[in-house]
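Those protein sequences? They're chains S and D, same order as listed. Straight run, no breaks: the first sequence in this note's numbering ends on number 381. Straight run, no breaks: the second sequence in this note's numbering ends on number 360.
Bear in mind the hints are in silico, worked out from the structure with no lab data behind them. Do not rely on the hints blindly, as some may be mistaken.
As the list claims (entries may be wrong) - Straight line, CA to CA, 20 Å or less: simulated SDA-like cross-link-like pairs of lysine to any residue:
1. S/K130 to S/S181
2. S/K348 to S/L37
3. S/K89 to D/L254
4. D/K257 to S/P106
5. D/K233 to D/K83
6. D/K207 to D/K257
7. D/K303 to S/D108
8. D/K303 to S/L37
9. D/K303 to S/S47
10. S/K120 to S/D108
11. D/K119 to D/K152
12. D/K46 to D/K83
13. D/K256 to S/S110
14. D/K256 to S/L65
15. S/K2 to S/G75
16. D/K83 to S/L115
17. D/K257 to S/G113
18. D/K256 to S/L37
19. S/K212 to S/K130
20. S/K89 to S/L104
Stated by the list, open to error - What the simulated footprint calls covered on chain S by chain D, stretch by stretch (three residues with Cβ under 8 Å from a Cβ of chain D suffice, anywhere in the stretch; the number is not a length):
21. 72-78
22. 284-290
Stated by the list, open to error - Here are some chain D residues the structure puts well away from chain S; computed CB gaps all over 12 Å:
23. Q68
24. R77
25. E306
26. L325
Here the structure is a predicted model, which means the values were calculated and not measured. We treat Cβ as the ideally placed atom computed from N, Cα and C, and that holds for glycine.
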Amino acid sequence: MKVTFPHMGNAWIVIQTLLECLNVDYVTPPPNSKETLNIGTQLAPESACLPLKLNLGNFVQGAALGADTALITGGVGPCRFGYYGELEKQILQEAGYDFDVITLEPPDGSILGLLQRIRKLAGPKNNWRKITQALLFAYRKSVALDRIENTFHGYRPLVPDSNRVDQLYDEARMNLLQAMSEQGITEVLNWLSDKIQEEKVCSYGENYRDKKNTLRVGVVGEIYTVLEPYVSMEIEKELGNLGVLVDRSIYLSGWVGQHVFRGLAQGYKPIKPYYSLAKPYLNHFVGGHAMETVGAAVKYAQEGYDGLVQLLPLGCMPEIVAASILPKVQEDYGIPIMTLTVDEHTGKAGVLTRVEAFVDLLERSRIYKDHKEGVLELAGR
Amino acid sequence: MRLGLPRALTYYDYYPFWAGFFYKLGIQLHTSPQTNRTIMEDGLKKAPDETCLPVKILVGHLLALQDQDVDGIFLPRLVSMEKNTYLCPKILGLPESVLYAIPREVKVYTVDINWRKGKGLVLKNLYQFGEEIQRTKRQIREAFVEAQRWQKAYQRMRNGGWSFEESMECFEVLAEPVKLEKLGFIGNLPFTEDMDLQIKEKKSNPKIALVGHSYLAYENYANLNLLQHLKKKAEVKVVENVPSGFIEEKHGELPKKMFWSHAKKIYGAGAKYVESQEIDGLIYLSCFGCGTDSMTNDMLARKAREQQKPYLVLTLDEHTGEAGLITRIEAFLDMLERRKAHESYISPYGKRLDRYSNIT
Ligand code: SF4
Ligand code: SF4
């Protein structure tokens, strides 16, 4: 058994850690690329969600490296994600890949079934204590990873040299990847904050921008699109490079905390507060991350952010619901919201143009406070 | 009191429930008219581009209800209609996600129906709704029993071969007294008995199954009278003709259960038809922007490929033209006839008839 898994932003670092702790034979598929998407688009139904297409691409590319088992998580609706596993298995089998798909979920609600699946993945050598430890360690790492990402969201807009920031970010991720103990993780985090302090003072000095003047933009939306830079066209980075301080509504560990650990662990960014904020606008959960999107939008609006970007893959059902509700948040709080839909035909250049125009708009609306109406009109387009 | 009800989406499956419910409570319903050009165009204009066709049509119907003499619009949120299932996220997102289409002064009544946690919760929510419309718990309870009776009656009628229009007609005249006056004068009942007889005589007509959402299959305006066209040349079976036992059986064969009640029904019925010797071919009726169809259709198409059953996908959108649609179904029916005549084993099933086929 050689396991592979789908990409979603930095999640691979966490999954790899988990599999390594359990001594499972695995292969990490190459990062998402044009080729990944092409493979997926050919295999998947045309109107399937973009994440499903990329997942399939990841599996096929993983198979080329010897993988024969795919690891994913599941769910019981109402969004399509819950049925990915079954559909992917059927599609891969028909395409001639004899894949075993391990879906980490309680089948028909049976916890015993879930434990059996974990056992199947971990093999007979690991005892339950070790498995629990591995899960917890991977979870802690994912919290640290999210913290690193967030640090960069705050750091990037303040420094003039974006290439240097990219380098530092990669370095931090690689260091974290190699950290295999609690202490190792702490050391990476400390190293990073020292490094940032040092660069602030030594390399940039005068050029270091003032935090007070940066625009603040919240990023909300469907989790895969938000987390995976290949799909989001690296929008967070681009915003940062334009001098915008980005804050993201959902992180991997927050999602895992809420959905895998059933809210027992809250992760780096707790999701829970969003639900009550969303209530006045959307009184019932609809699946996916619609409530998180609406709730986070309200939160950012209340905190006085300058604007919001909602990211969603074309046809994403819960986010379409959210997108139809966000104009009301925009109206109530006077916060410009840009909705960005991506699919396999989306080009980076087009997205960049829109992002630049949006940032421009926000800049202006800050200067000419009175003309905010016009800005709102344009923002939703 | 008179409540407006949009003739869209869940109307097509659960109207009898609400008809019975409000009938018992002495509240009149007013269902918006059949979809027409104005309704369709208003919906397309007002609803977000990205959403699916049925939601756009719903928005059109909401706009149509505004000019009617009603005390409010009733738009329930159907979360789950049977255990362990949901409806589609877009249906869960009602009514909030379409409120922008309705002026703020129009009162919108809503209630959550969620069977996942059993009858207790359903009743609790209905009681709450009862307070809003000044009805006692007892009245609500009675109305609920009546509603379920009507809904069951509807299911029996459909299983027994009544057409959608025939059965709905019965419920509508009861719940909407205005329609009583018109009874007997509604000239455009799509399927007359004569037609059914004709079909029975012409034994050689191919037998096909039309599967897909009820709100597409019976939405005659949006589907360009597809059923009528089909019935002229073929004997047509629909999802509702399959008793729930068979649906459970077919659906049970899946390693993982589907969690949308409508997709489960469509898949179960479709799988039954794919395997049935009686049925010569299947038509999957889908629409632009439907998220759940992307999965249900893919799975049924695969099953059809395995069984070498002819399978055609029709995807409706606002640009679909009647001529193109007729050409597509005629070609399909011709192929079925030829196939039958030659008893050939050449698979009529190719990629072009599968997921890349599209009537636009
Ligand atoms: S959240 Fe959206 S993209 Fe993700 S599975 Fe659901 S419908 Fe697809
Ligand atoms: S099931 Fe499909 S057609 Fe129906 S509301 Fe959902 S997305 Fe729209």
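A quick look at each hint next to the structure:
In summary, the hint linking S/K130 to S/S181 is supported, as the alpha carbons are separated by about 14 Å, within the 20 Å threshold. With a CA separation close to 15 Å, the supplied pair S/K348 and S/L37 stays within the 20 Å bound. Restraint check: the Cα-Cα separation between S/K89 and D/L254 comes to about 12 Å, which is no more than 20 Å; the hinted pair holds. This hinted pair checks out: D/K257 and S/P106 have alpha carbons roughly 12 Å apart, not beyond 20 Å.
With a C-alpha separation of about 39 Å, the suggested pairing of D/K233 with D/K83 is violated against the 20 Å cut-off. Simply put, D/K207 and D/K257 have alpha-carbon atoms about 29 Å apart, too far for the 20 Å limit, and the pair is violated. Between D/K303 and S/D108 the alpha-carbon distance is near 23 Å, which puts this suggested pair outside the 20 Å criterion. At roughly 25 Å between alpha-carbon atoms, D/K303 and S/L37 are farther apart than 20 Å, so this suggested pair is violated.
Restraint check: the Cα-Cα separation between D/K303 and S/S47 comes to about 19 Å, which is no more than 20 Å; the hinted pair holds. For the hint linking S/K120 to S/D108, the alpha-carbon distance of about 18 Å falls within 20 Å, and the restraint holds. For the suggested pair D/K119 and D/K152, the alpha carbons sit about 16 Å apart, so the restraint of at most 20 Å is met. With a C-alpha separation of about 35 Å, the suggested pairing of D/K46 with D/K83 is violated against the 20 Å cut-off.
At roughly 13 Å between alpha-carbon atoms, D/K256 and S/S110 fall within 20 Å of each other, so this suggested pair holds. Straight-line distance between C-alpha atoms of D/K256 and S/L65 comes to about 28 Å, which puts the hinted pair past the 20 Å bound. Restraint check for S/K2 and S/G75: not satisfied, since their Cα atoms lie roughly 24 Å apart, outside the 20 Å limit. Between the alpha carbons of D/K83 and S/L115 the distance comes to roughly 24 Å, so the proposed pair goes past 20 Å and is violated.
Proposed proximity of D/K257 and S/G113 is supported: the alpha carbons are some 15 Å apart, at most 20 Å. Simply put, D/K256 and S/L37 have alpha-carbon atoms about 26 Å apart, too far for the 20 Å limit, and the pair is violated. Distance restraint check for S/K212 and S/K130: the Cα-Cα separation of roughly 47 Å exceeds the 20 Å cut-off, and the hinted pair is therefore not satisfied. For a cut-off of 20 Å, the pair hint linking S/K89 to S/L104 stands: about 14 Å separates their Cα positions.
With a cut-off of 8 Å between beta carbons, the region 72-78 of chain S has 4 residues touching chain D; three or more are needed, and the interface restraint holds. Only residues whose C-beta sits within less than 8 Å of a C-beta in chain D count toward coverage, and the region 284-290 of chain S has 6 of them, enough to reach three; the restraint holds. No Cβ of chain S comes within 12 Å of the Cβ of D/Q68; the nearest lies about 24 Å off, and the non-interface call holds. For D/R77, the shortest C-beta to C-beta distance to chain S comes to about 6 Å, within the 12 Å cut-off, and the non-interface label is violated.
With a closest Cβ-Cβ approach of about 9 Å to chain S, D/E306 is found to fall inside the 12 Å limit, against its non-interface label. For D/L325, the condition that its CB be more than 12 Å from all CB atoms of chain S holds, with the nearest at approximately 19 Å.
Against the hints set out earlier in the document, violations occur for numbers 5, 6, 7, 8, 12, 14, 15, 16, 18, 19, 24 and 25.
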